[in-house]
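A.B. asks: Please arrange chain S on chain L, whose structure you already have, making use of the hints.
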Amino acid sequence: MEIKNFITNKYPVVHYFSGVNAIEDIILKNEYTVVVDDNNKFQGILTSYDLIKKPHKIVADCLTETEHITNNDSIPSIIDKFNKSHCPALPLFSEDNFIGILEKRNIIDGLSIKINELHNKSLISERLKYNFLSNLSHEVRTPLNAILGFLDILLKLDKEEINIDRKECESIIKNSADRFLLIMNDLVDLSLINAGHKLDIKIKNVQIENIFSDLKEYFDTMSGVLNKHISIKYLNPGNPNEIFSDGEKIKHILYHLIDNAIKFSDDNSNILYGHKIKDDNIVFYVKNDGLPIPEDKRVKIFEAFERQENLNNELIAGLGIGLTLVKKLSELLGGEVNFISDKTQTTFFFTIPLNIKQPVQDK
Amino acid sequence: METATTQKYSVQLSFEEIRLPPFDDILILGKKCPHGKIGVSKSFEFLVPNEFDVFEIDGDPIVDVIFINKRILKKMNKDTIINILKEKVFPFVSECEILKVDFKLRIFYNSIEGDF
Numbered sequence: 001m002e003i004k005n006f007i008t009n010k011y012p013v014v015h016y017f018s019g020v021n022a023i024e025d026i027i028l029k030n031e032y033t034v035v036v037d038d039n040n041k042f043q044g045i046l047t048s049y050d051l052i053k054k055p056h057k058i059v060a061d062c063l064t065e066t067e068h069i070t071n072n073d074s075i076p077s078i079i080d081k082f083n084k085s086h087c088p089a090l091p092l093f094s095e096d097n098f099i100g101i102l103e104k105r106n107i108i109d110g111l112s113i114k115i116n117e118l119h120n121k122s123l124i125s126e127r128l129k130y131n132f133l134s135n136l137s138h139e140v141r142t143p144l145n146a147i148l149g150f151l152d153i154l155l156k157l158d159k160e161e162i163n164i165d166r167k168e169c170e171s172i173i174k175n176s177a178d179r180f181l182l183i184m185n186d187l188v189d190l191s192l193i194n195a196g197h198k199l200d201i202k203i204k205n206v207q208i209e210n211i212f213s214d215l216k217e218y219f220d221t222m223s224g225v226l227n228k229h230i231s232i233k234y235l236n237p238g239n240p241n242e243i244f245s246d247g248e249k250i251k252h253i254l255y256h257l258i259d260n261a262i263k264f265s266d267d268n269s270n271i272l273y274g275h276k277i278k279d280d281n282i283v284f285y286v287k288n289d290g291l292p293i294p295e296d297k298r299v300k301i302f303e304a305f306e307r308q309e310n311l312n313n314e315l316i317a318g319l320g321i322g323l324t325l326v327k328k329l330s331e332l333l334g335g336e337v338n339f340i341s342d343k344t345q346t347t348f349f350f351t352i353p354l355n356i357k358q359p360v361q362d363k
Numbered sequence: 001m002e003t004a005t006t007q008k009y010s011v012q013l014s015f016e017e018i019r020l021p022p023f024d025d026i027l028i029l030g031k032k033c034p035h036g037k038i039g040v041s042k043s044f045e046f047l048v049p050n051e052f053d054v055f056e057i058d059g060d061p062i063v064d065v066i067f068i069n070k071r072i073l074k075k076m077n078k079d080t081i082i083n084i085l086k087e088k089v090f091p092f093v094s095e096c097e098i099l100k101v102d103f104k105l106r107i108f109y110n111s112i113e114g115d116f
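Chains as they are written, first to last, in the numbering used here: chain L, 1 to 363; chain S, 1 to 116.
Hints are not guaranteed to be accurate.
Computed list of lysine-lysine pairs in DSSO-like fashion (alpha-carbon distance at most 27 Å, straight line) [said to hold, decoys possible]:
1. 41(L) to 42(S)
2. 104(L) to 54(L)
3. 53(L) to 86(S)
What the hints contain is simulated information worked out from the structure, not anything from laboratory work. Quick caveat, the model's predicted, so the values are computed rather than measured.
Pulled out of the complex, with its shape left as it was, chain L reads as follows (with noise of 0.2 Å):
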């Protein structure tokens, strides 16, 4: 809570030599009033409490000390002043100049939407870490029964007759390892940024093509795991085909930008990624057949553990942690993240500068 968000410049004021009997109504009405001297200057504040102590005839002679605010005082010294002056509304200076008034009431009122918004920020949280653990016990455990099974079946293999390909058992396991592997440098890279730590970037000169292709294999080998039918596809790159960035940051946003999109795709539908150059940047996009995105959710789509639902307002698997990471990566690099989404399509974008020759500094 901000001092600055309370200070008040419409209030009462009277003439430093008024005369009580003039200014009580004022006094009654709105419990204060400042008191100014010819030049328009502050001179202090006049309360009921002050004309029952002082009660002479003019407002100059009843004038009583009061606690002055400034701009280093905290809320709870600010409400310590209140309490020991007895009075509804205290000056605030800076550097000996008279910036405006608080009103006690006023700053009661924004404590109080305070610990409103404390107290249901603290069921949210409590709702988000109960769903963050339940979803990273299913996360891990989706990769890790994949290759504890497919483990089994190749042991299996040598001893039985088992009519499987032990490429594939091979390429799923190992995927699938990859995957643990990658949930848990997300959660290590998350808390890392969340704490204020920098991550590292390392700029070179980066092959598109081989991010593409890396990607596509990857999707390729567990399209086989999925329950629906998806065609993953990437547009060749054109120029530039080679970049001077972290290949395996932007290699690490897009898997997040696909992986999401396969979640939000229908069956049958088809998933296209590719680059685009405007003006100085690079533009790499996600492009998906699916659900637009719900108004509601679009402000907080890059908030943490905000889960989206699906059409029989199920929960989306992950853990909510993607386009987070996707957004501290992309801003990382240089550049930014958004999406459009329409009625049949959501395109997720993100932007890396062309004329990057340093490391870019973590925001």
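C.D. replies: Same frame as chain L, but now just chain S:
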């Protein structure tokens, strides 16, 4: 039968000269008297500029400030005057009251001796 009424009036009239402010020497203000230090000081500034000095009385439960004519302060220091007032006058001051004090100071020497 109608009764005729007439209206009459009676005025008691007298007049005398006054001077402002209506005292010469010392003024004592109670803590809750209608006129406070600033109001009285301001009126003195207009009526008799530069004639009175004002002193706040710390620690007294009844008296707020006193105004002393500079003419007296020329002859006796303020602490002596205030101590006299504290002993002889303050016990009779009430909180809501303004009191004027006549403070006629006469200085005399027992004998003045010297060589011819």
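A.B. asks: Evaluate each hint against the coordinates.
C.D. replies: Evaluated hints:
Restraint check for residue 41(L) and residue 42(S): satisfied, since their Cα atoms lie roughly 19 Å apart, inside the 27 Å limit. With a C-alpha separation of about 23 Å, the suggested pair residue 104(L) and residue 54(L) falls inside the 27 Å cut-off, and the hint holds. Proximity of residue 53(L) to residue 86(S) is assessed by CA-CA distance (about 23 Å); at most 27 Å being required, the pair is judged to hold.
The structure shown violates none of the earlier numbered hints.
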